[in-house]
Amino acid sequence: MKTIGLLSVLFTGILLMIAVVDFPDWGDPHSPANSYLSTHYIEDVEEETAVPNMVTAVLADYRAFDTMLETSVVFVAGIAIFAILRSIDGTSLAGTTRRLQRRGRSKKEKRKGQGRNRRDEMVAAAEREAAKPDLIVQTTVRLLMPTIQLFALYVIAHGHHSPGGGFQGGVILAAGLILVAMSFGLENTLAQVPEKLSLQLGNLGVLIFAGTGVLCLLLGANFLDYHVLAAIYPATDEIMARSHSMLVVEIGVGFTVMSMLYLIYANLSSHGDLKKGL
Amino acid sequence: MDIVQQAPILMILCPFLGAFAVSLAGLIQRRWCYPLTVLFTAGSAYAGLGTLIQVLRTEGGVIRYRMGGWEPPFGIEFRLDALNAAIALMVVVVALLVAIYSRQTVASETAGKEGHFYTLFLLLTVGVLGISMTGDAFNLYVFLEISSLSSYALIAMGRGRAAFSCFNYIIMGTIGASFYLLGVGYLYIKTGSLNMTDIARILQEHGLYSSNSVRIGFLFILIGVWIKMAFVPLHRWLPNAYTFAPSTTSCLVAPLMTKVSIYVMIRIMFSVFNPEFVFGVGPRSDLVVWLAVIAMMVGSFYALAKNKLKMMLAYLVIAEVGYMVGGAWLANATGLTGAIFHILADGLMTLALFLAAGAIYYKRKSYNIVATKGLFGKMPFTMGAFAIAALSMIGIPPTCGFFSKWYLISGGIEAGHWGFVVGLLTSSMVNAVLFFRILERAYFEKPELPYEPGRQGKNALNFVERKGVDEAPLTMLAPLWAASLGLVLLGVYSGVVIDFISRYVNSVGFQ
Numbered sequence: 001m002k003t004i005g006l007l008s009v010l011f012t013g014i015l016l017m018i019a020v021v022d023f024p025d026w027g028d029p030h031s032p033a034n035s036y037l038s039t040h041y042i043e044d045v046e047e048e049t050a051v052p053n054m055v056t057a058v059l060a061d062y063r064a065f066d067t068m069l070e071t072s073v074v075f076v077a078g079i080a081i082f083a084i085l086r087s088i089d090g091t092s093l094a095g096t097t098r099r100l101q102r103r104g105r106s107k108k109e110k111r112k113g114q115g116r117n118r119r120d121e122m123v124a125a126a127e128r129e130a131a132k133p134d135l136i137v138q139t140t141v142r143l144l145m146p147t148i149q150l151f152a153l154y155v156i157a158h159g160h161h162s163p164g165g166g167f168q169g170g171v172i173l174a175a176g177l178i179l180v181a182m183s184f185g186l187e188n189t190l191a192q193v194p195e196k197l198s199l200q201l202g203n204l205g206v207l208i209f210a211g212t213g214v215l216c217l218l219l220g221a222n223f224l225d226y227h228v229l230a231a232i233y234p235a236t237d238e239i240m241a242r243s244h245s246m247l248v249v250e251i252g253v254g255f256t257v258m259s260m261l262y263l264i265y266a267n268l269s270s271h272g273d274l275k276k277g278l
Numbered sequence: 001m002d003i004v005q006q007a008p009i010l011m012i013l014c015p016f017l018g019a020f021a022v023s024l025a026g027l028i029q030r031r032w033c034y035p036l037t038v039l040f041t042a043g044s045a046y047a048g049l050g051t052l053i054q055v056l057r058t059e060g061g062v063i064r065y066r067m068g069g070w071e072p073p074f075g076i077e078f079r080l081d082a083l084n085a086a087i088a089l090m091v092v093v094v095a096l097l098v099a100i101y102s103r104q105t106v107a108s109e110t111a112g113k114e115g116h117f118y119t120l121f122l123l124l125t126v127g128v129l130g131i132s133m134t135g136d137a138f139n140l141y142v143f144l145e146i147s148s149l150s151s152y153a154l155i156a157m158g159r160g161r162a163a164f165s166c167f168n169y170i171i172m173g174t175i176g177a178s179f180y181l182l183g184v185g186y187l188y189i190k191t192g193s194l195n196m197t198d199i200a201r202i203l204q205e206h207g208l209y210s211s212n213s214v215r216i217g218f219l220f221i222l223i224g225v226w227i228k229m230a231f232v233p234l235h236r237w238l239p240n241a242y243t244f245a246p247s248t249t250s251c252l253v254a255p256l257m258t259k260v261s262i263y264v265m266i267r268i269m270f271s272v273f274n275p276e277f278v279f280g281v282g283p284r285s286d287l288v289v290w291l292a293v294i295a296m297m298v299g300s301f302y303a304l305a306k307n308k309l310k311m312m313l314a315y316l317v318i319a320e321v322g323y324m325v326g327g328a329w330l331a332n333a334t335g336l337t338g339a340i341f342h343i344l345a346d347g348l349m350t351l352a353l354f355l356a357a358g359a360i361y362y363k364r365k366s367y368n369i370v371a372t373k374g375l376f377g378k379m380p381f382t383m384g385a386f387a388i389a390a391l392s393m394i395g396i397p398p399t400c401g402f403f404s405k406w407y408l409i410s411g412g413i414e415a416g417h418w419g420f421v422v423g424l425l426t427s428s429m430v431n432a433v434l435f436f437r438i439l440e441r442a443y444f445e446k447p448e449l450p451y452e453p454g455r456q457g458k459n460a461l462n463f464v465e466r467k468g469v470d471e472a473p474l475t476m477l478a479p480l481w482a483a484s485l486g487l488v489l490l491g492v493y494s495g496v497v498i499d500f501i502s503r504y505v506n507s508v509g510f511q
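Note that the protein sequences, when read in sequence, are chains A and B.
When you line the first sequence up against UniProt numbering, it's residues 1 to 278, in that order.
When you line the second sequence up against UniProt numbering, it's residues 1 to 511, in that order.
Since the hints were derived computationally from the structure, they do not count as laboratory data.
Warning: the hint list may mix true and false statements.
[Stated by the list, open to error] Pulled from the structure, derived: some chain A residues nowhere near chain B, Cβ distances all over 10 Å:
hint : residue
1    : I18
2    : E121
3    : P133
4    : D134
5    : I136
6    : H158
7    : H161
8    : I232
9    : T236
[Unchecked claim] Label pairs and their calculated CB-CB ranges:
hint : chain 1 : residue 1 : chain 2 : residue 2 : range
10   : A       : D25       : B       : E276      : 28 to 38 Å
11   : A       : K196      : B       : A305      : 43 to 53 Å
12   : A       : Y154      : B       : I171      : 31 to 41 Å
13   : A       : L16       : B       : R201      : 19 to 29 Å
14   : B       : Q29       : A       : E46       : 46 to 56 Å
15   : A       : L6        : B       : G280      : 23 to 33 Å
16   : A       : G13       : B       : I171      : 13 to 23 Å
17   : B       : A305      : A       : I4        : 16 to 26 Å
18   : B       : L287      : A       : D237      : 58 to 68 Å
19   : A       : L16       : B       : G280      : 18 to 28 Å
20   : A       : H30       : B       : T426      : 49 to 59 Å
21   : A       : E43       : B       : L27       : 44 to 54 Å
The C-beta atom is built at its ideal place from N, Cα and C for all residues, glycine as well.
Please work from the sequences and hints to get the whole structure.
As structure tokens, this is what we get:
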């Protein structure tokens with residue numbers, strides 16, 4: 001079996017190398033990838049969408065449909081983790097995790113208290129030590145949190161003018177929440193940002209994105225054809241409507257990414273019972 | 001809003017928006033999830049019908065839908081022609097039938113998580129549907145991601161070994177998706193475009209068929225979809241994943257995932273590339289057909305060795321994949337027609353069989369073949385529909401299985417590939433043995449009594465025995481019969497469907 005694996009890896013590797021030989025040179029301005037679609041995007045993006053950041057324009061307008069689906073991929077990932085790990089009645093499906101928690105002892109041994117050795121006790125002591133709140137960490141997090149969140153909002157809001165956008169901003173927001181969960185304990189964090197609320201936010205995010213598209217449909221254009229939304233935004237022409245809509249959908253992406261990453265962390269770190277995190 | 005023009009996007013939007021509606025409803029009241037799911041899949045099926053009619057009426061038989069109103073190579077488009085309009089409709093019909101069917105099974109097998117289950121169910125539908133409709137190679141990958149991720153979760157929600165067999169599937173599925181993406185990346189580097197029609201045009205105009213990276217890109221895409229469709233020798237993940245999944249999941253995943261991957265293969269082979277390239281410089285086509293023959297043999301004979309109904313059906317899926325891949329690689333129009341028709345026929349057959357297996361499990365609490373003893377007396381309607389599906393699987397007229405096999409065999413004879421012809425006939429014989437073994441038991445033998453409760457072991461039957469007819473509920477029987485009657489109808493009207501498919505096959509341009 002190992003030989004077959006090795007051979008197929010070698011075979012794929014050789015194919016990859018053969019293919020690379022045939023590639024256009026690095027950064028060649030005349031290569032198809034650089035001269036066909038990109039030229040249009042680079043030259044006409046300002047006129048067509050009024051957005052200086054062409055990456056965002058491609059992502060949130062020309063190929064907005066892909067981005068909407070990518071957002072729902074993040075959503076699916078969250079729901080999938082939730083569906084598999086989250087224990088409804090206190091029993092988790094993840095048998096391996098429980099076996100690890102019992103440190104390899106069988107259920108019987110655990111009940112009788114057998115098989116417990118010094119290493120276990122040391123691990124337990126270390127866990128108790130780690131669970132204590134740490135003043136320095138908590139104060140630092142308190143100081144950092146507003147900055148992190150403000151920066152995340154900037155990244156989302158400014159995504160169509162400078163590097164950034166919904167995915168990046170959402171990840172920063174989620175990182176902030178996870179930081180709080182790690183320093184103040186998962187249960188405290190869940191009291192502030194409950195599981196149900198984050199699920200709702202996750203749904204809301206994709207619905208904002210898809211809703212923008214459906215609004216275009218209702219106003220008589222194709223799905224995600226933002227220019228008709230000029231009728232809704234105050235004092236906007238059809239080109240600016242595209243720019244504004246990109247901001248709207250980026251906000252939606254931010255919601256989903258933040259809440260889903262946070263939920264994935266909460267479920268993974270607590271083996272699905274959302275009680276004691278890392 | 002011109003509702004007819006927007007039919008293709010409404011087809012996707014119904015389950016897509018539905019998924020989030022169901023997810024939110026599940027947080028408030030779990031009872032609402034089931035009716036909402038049925039409602040949204042029904043809406044999608046209605047839009048699908050509209051789309052198909054539109055394709056039939058349009059001159060040239062191609063409708064294109066531009067996302068965001070952008071011109072195709074710059075934006076993404078949905079492109080529906082004679083190849084995928086019928087397949088897309090089949091996808092939504094299957095989703096609708098499984099949604100109706102799922103009422104009891106979901107409540108009993110994934111209790112407490114109905115909201116998440118139905119959310120993933122609808123998103124899987126979105127993914128598979130999108131794969132079959134999009135005209136953009138990268139957009140197809142995104143849909144592939146959605147459908148794979150949700151199918152992983154849906155399979156892992158089963159009990160017992162589900163999580164482990166799903167893990168195998170995740171590893172294999174991810175490798176497959178990476179190969180596909182790598183292949184698309186190579187095509188992008190050489191052509192600079194992601195739109196399938198546009199790639200085909202550039203390949204033709206710039207004479208890129210002789211380029212090594214294009215050839216290797218094609219090979220990578222092929223390997224990717226072969227993993228996704230469980231083509232021998234890349235099939236090992238499938239039987240366990242499909243067997244240990246919750247029964248609603250296997251009813252949805254088994255008819256859709258492999259069939260849609262075959263559609264992708266055909267689309268890439270004949271719409272992005274052309275027969276001249278594929279059969280000229282691609283992997284040797286008769287080699288692939290021989291692999292397909294091996295797939296038929298492996299699938300059929302392993303199925304014969306299994307005594308678990310669902311495991312048996314899972315192996316049959318592998319055999320059927322062999323039929324379709326073989327048909328597409330025979331390099332003639334008849335074989336390709338057979339393969340495309342078989343995608344539709346096999347989708348419905350697999351659906352009917354898995355629905356029946358789920359209904360039997362629901363009543364008898366076992367997938368063991370022993371549990372089917374005397375079932376014609378106990379569950380006459382379930383077994384009746386099962387028998388029709390079995391006949392179609394064997395290939396007996398007037399069911400559609402006969403007609404697709406007819407085209408496949410004629411294609412084999414035309415190509416002079418006798419191995420394929422003999423393999424297909426042998427596989428059909430094995431199917432006959434397989435199904436008559438079950439039907440005989442179900443018809444002639446006395447029903448098995450439940451063993452005393454608490455008794456464990458391989459053959460433990462722990463169902464509640466009732467006197468007289470003990471039939472599955474109507475919500476399960478209605479979709480099952482709809483699928484079985486669909487098989488007969490598809491067989492009776494096979495001429496119309498074949499005419500429609502041959503519009504695409506004729507445009508491919510075989511020599």
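Hint by hint, here is what the structure shows:
1. I18: violated, 5 Å
2. E121: holds, 31 Å
3. P133: holds, 32 Å
4. D134: Given that every Cβ of chain B is farther than 10 Å from that of D134 of chain A, nearest at about 35 Å, it holds.
5. I136: Holds: least Cβ distance 38 Å, greater than 10 Å.
6. H158: holds, 22 Å
7. H161: Fine: 20 Å to the nearest Cβ keeps H161 of chain A off the interface.
8. I232: holds, 15 Å
9. T236: Given a closest Cβ separation of 17 Å, the condition holds.
10. A:D25 - B:E276: 28 to 38 Å: For E276 of chain B against D25 of chain A, whose Cβ atoms are near 30 Å apart, the range 28 to 38 Å holds.
11. A:K196 - B:A305: 43 to 53 Å: For A305 of chain B against K196 of chain A, whose Cβ atoms are near 48 Å apart, the range 43 to 53 Å holds.
12. A:Y154 - B:I171: 31 to 41 Å: At roughly 39 Å between Cβ atoms, I171 of chain B and Y154 of chain A fall inside 31 to 41 Å, so the hint holds.
13. A:L16 - B:R201: 19 to 29 Å: At roughly 27 Å between Cβ atoms, R201 of chain B and L16 of chain A fall inside 19 to 29 Å, so the hint holds.
14. B:Q29 - A:E46: 46 to 56 Å: 49 Å Cβ-Cβ, so the 46 to 56 Å window holds.
15. A:L6 - B:G280: 23 to 33 Å: With Cβ atoms ~31 Å apart, the hint holds.
16. A:G13 - B:I171: 13 to 23 Å: For G13 of chain A and I171 of chain B the Cβ distance comes to about 19 Å; the hint holds.
17. B:A305 - A:I4: 16 to 26 Å: The hint (16 to 26 Å, Cβ to Cβ) holds, given that A305 of chain B and I4 of chain A are roughly 24 Å apart.
18. B:L287 - A:D237: 58 to 68 Å: holds, 59 Å
19. A:L16 - B:G280: 18 to 28 Å: About 23 Å separates the Cβ atoms of L16 of chain A and G280 of chain B, which means 18 to 28 Å holds.
20. A:H30 - B:T426: 49 to 59 Å: This hint holds: roughly 55 Å between Cβ atoms.
21. A:E43 - B:L27: 44 to 54 Å: Since E43 of chain A and L27 of chain B have Cβ atoms about 47 Å apart, the given range 44 to 54 Å holds.
When held up to the earlier numbered hints, the structure conflicts with hint 1 and nothing else.
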